[in-house]
Amino acid sequence: MITHKGNDELMNHISKENMDVNLKSKHDEKPCNCEPVGYTTPNLPEESRKFQTITSFFSDNTSSFYARPNKSGEDIGPGECGKLNLGNQIVCDAYNKKLDENLFVFYQLDNGYFAIANRETGEVLEHMYENDDKEEASIVFRPYTGEDSQVIKKTVSQVLPIFNLSVENGNKLIGLCNNNLDEKTKVTTRLSHVKGNETVFTHLEESEDIAIPSLPSTSELGPVPEVTGFNDPLPENDKAKRAIKGSVLIPSILVNDHLSLADRIKKNPYYTLEYRQYWHLVWSDLFTAGSNKIKTEVTGISNDAQEKMKLAVGMSVGTDLGLNFTEKSEPFMKQIISGLNGKESHTVDLGETTTITDVENPEDFTVRFARYARAHEFVLKDSDGKVAGGPWVVVDGNEMYLKRYKK
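Read in order, the letters of the sequence shown correspond to residues 1 to 407 in the working numbering.
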């Protein structure tokens with residue numbers, strides 16, 4: 001196991017006096033030479049492409065973060081640092097071998113900070129205060145909710161593979177309780193952590209790269225289909241040709257499907273969300289000369305579909321056809337919109353509209369009419385490309401066309 005402790009020259013680089021010079025915020029430093037940063041395959045930062053340990057750089061036994069189930073009041077070691085005051089606290093312990101409980105993936109948020117998820121549980125790191133004085137917070141693991149307490153800033157060295165982690169917009173550093181570098185201890189955050197040894201971490205071990213799903217190429221939607229005969233079958237909506245308008249990787253922690261949190265992050269660290277369009281057949285019928293018929297036209301999106309989409313990925317469609325985001329998905333909003341080539345909604349959620357239309361054939365011969373509308377469709381797929389949610393379909397009542405056929 002390789003550490004840097006025996007190299008005085010390297011140690012000089014990370015002395016307390018020059019730590020500010022050598023560590024740089026991931027928010028300011030571009031994680032790759034590509035623009036924009038976001039959830040498309042080439043743009044994922046390195047720590048989002050694999051699971052890795054969070055290891056104390058100065059620890060003689062390479063103490064690392066573990067997400068092991070524990071209970072409030074449990075004793076893991078001597079003194080206050082060995083007393084757990086909350087359940088499921090992150091514990092730093094000697095590193096022996098690579099386990100799911102000590103492997104973490106860093107999901108990047110729009111602001112360049114991270115939600116850090118554990119491979120064993122599928123839950124993320126969160127700072128939680130133990131008392132009302134707000135001096136000390138413990139680092140726990142909890143299901144992702146999008147709350148500020150789950151947002152973690154990573155500040156990396158420009159010369160060494162080391163970093164600091166901090167919360168509350170970088171105001172409080174995460175560190176090993178009372179500088180216990182080589183004892184089993186809880187992980188806390190305090191104002192007193194002024195970039196000491198207990199706050200310097202490295203990625204000692206990495207798992208194999210995550211198999212990132214490939215994203216489909218975009219395509220253009222063709223013209224509205226023509227009606228070519230009185231009896232010719234028209235394409236059923238579920239079989240109509242789709243155009244891919246955009247797609248994006250969706251972190252496992254955003255998704256709610258049939259899998260448990262723990263199984264989800266192992267099987268599908270990333271899902272894909274596709275935004276597609278197609279020509280939706282609203283109705284088709286024959287009209288004899290001079291006849292008229294009453295037609296029912298259903299547009300928009302049902303409340304049931306909206307709720308299922310919101311439950312699955314934390315998004316819904318607004319009346320302006322933009323996307324609304326829940327508290328859970330909002331920290332990823334800009335990256336998702338960019339990948340989908342969509343837009344943010346500034347309206348309430350769209351509903352379903354039923355319109356009764358009197359359609360007349362003014363001609364003195366028989367005509368076949370077909371009413372089409374542009375449809376916007378979202379579908380969630382797992383890492384194997386299988387549908388995991390949706391499709392959720394919006395029929396645009398503002399873009400409808402009446403096609404006809406006559407002999």
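Bear in mind the hints are in silico, worked out from the structure with no lab data behind them. There's no promise every hint is true.
Listed below are the simulated DSS-like cross-link pairs for lysine-lysine, each with C-alpha atoms no more than 25 Å apart in a straight line [to be verified]:
#, residue 1, residue 2
1, Lys-343, Lys-266
2, Lys-381, Lys-328
3, Lys-267, Lys-98
Label pairs and their computed distance ranges (CB to CB) [as the list claims (entries may be wrong)]:
#, residue 1, residue 2, range
4, Ile-210, Asn-231, 49 to 59 Å
5, Lys-267, Thr-296, 38 to 48 Å
6, Glu-236, Pro-216, 21 to 31 Å
7, Lys-406, Lys-267, 46 to 56 Å
8, Asn-169, Thr-145, 51 to 61 Å
9, Asp-182, Glu-135, 18 to 28 Å
Nothing here was measured: the structure is a model prediction, and the numbers come from that model. C-beta: ideal position from N, C-alpha, C; glycine also.
The hints, checked one at a time:
1. Lys-343 x Lys-266: violated (31 Å)
2. Lys-381 x Lys-328: holds (19 Å)
3. Lys-267 x Lys-98: holds (18 Å)
4. Ile-210 x Asn-231: 49 to 59 Å: For Asn-231 against Ile-210, whose Cβ atoms are near 52 Å apart, the range 49 to 59 Å holds.
5. Lys-267 x Thr-296: 38 to 48 Å: Hint holds: Cβ distance 42 Å, inside 38 to 48 Å.
6. Glu-236 x Pro-216: 21 to 31 Å: Check passed, 22 Å falls within 21 to 31 Å.
7. Lys-406 x Lys-267: 46 to 56 Å: holds (54 Å)
8. Asn-169 x Thr-145: 51 to 61 Å: With Cβ atoms ~18 Å apart, the hint is violated.
9. Asp-182 x Glu-135: 18 to 28 Å: holds (25 Å)
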